[in-house]
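**Student:** Sequence:
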Amino acid sequence: MPTYDYKCQECNYTFELFQPMTAEPVKHCPKCNGTVKRLIGTGAGPIFKGSGFYQTDYKNNTAKKEKTDKAAAVTDKQKTSVETGKKENKS
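Using the working numbering, you'd call the opening residue of the sequence shown number 840 and step up by one each time.
Derived from the structure by calculation, the hints contain no laboratory data.
Dumping the calculated PhoX-like pairs for lysine-lysine here, alpha-carbon to alpha-carbon at most 25 Å: (1) K846 with K870; (2) K876 with K866; (3) K846 with K876; (4) K846 with K866.
Remember, it's a predicted structure, so these values are computed and weren't measured experimentally.
Build out the structure end to end from the sequences listed, making use of the hints.
**Tutor:** And the structure:
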């Protein structure tokens with residue numbers, strides 16, 4: 840069951856309500872009995888708590904960054920050799 844956010848149009852009271860998706864939206868504020876509007880929320884993301892998670896469970900960006908850095912270095916060398924009119928000797 841999702842948690843819905845509501846805001847009163849009259850007193851600006853904001854509250855959350857845990858209700859089934861099939862339930863009708865709340866129409867009245869619990870504080871002032873005014874008209875409420877259901878807000879659009881982003882939803883809850885996963886929560887990683889506890890000892891069951893390891894560093895290896897997460898994506899490693901180090902290898903990708905090194906590959907990108909090497910490609911940039913090669914491109915810089917090619918630009919330099921084109922600008923100076925020299926070809927790079929590979930030995």
